[in-house]
Amino acid sequence: MPFTIKTVCTNTFDIRRFLVEGPPTIEELRAKIGALYGCPTPENICITYVDCEGDFVKVATTEDIQAAFQIIQERKVLKLFLCGKCCQKEEEEKKEGEPVCPKCGPECKCGPDCKCTGG
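Sequential numbering from 2 applies to the sequence shown in the numbering used here.
One thing to keep in mind: the hints can contain errors.
[Said to hold, decoys possible] Dumping the calculated DSS-like pairs for lysine-lysine here, alpha-carbon to alpha-carbon at most 25 Å:
#1 7 - 33
#2 33 - 59
#3 77 - 33
#4 59 - 80
#5 7 - 77
#6 59 - 77
#7 80 - 7
#8 7 - 59
#9 80 - 33
None of these hints come from the bench; they were simulated from the model. Every value quoted in this text rests on a predicted model; they were computed, and no experiment measured them.
Produce the complete structure using the sequences and hints provided.
Quick look at the structure:
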């Protein structure tokens, strides 16, 4: 019977769900997360889950994933929290929202009289 993995990007609150037949390897999990969120470097994402005692537990190895699956046997849903730069959308929104000085670029050094909002 398949399990559901629910991922939550803690920076953007972007939530995704996908099914797996059993505990994936850490490489498979990171590859899937990278594909879902458009992340070019999924190995840099910090992955955590909340255990039965309410503690946040870091997922860094395949053994960590297997331990998490032992906890969720009855619920069949593993909720993972992702921190770091987990999606391209987040980076694009950041770039779009930054003020850009016509002279200096995104990091304005003109001072308070500059017409961009970065000075």
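Of the numbered hints stated earlier in the document, which are not met by this structure? none
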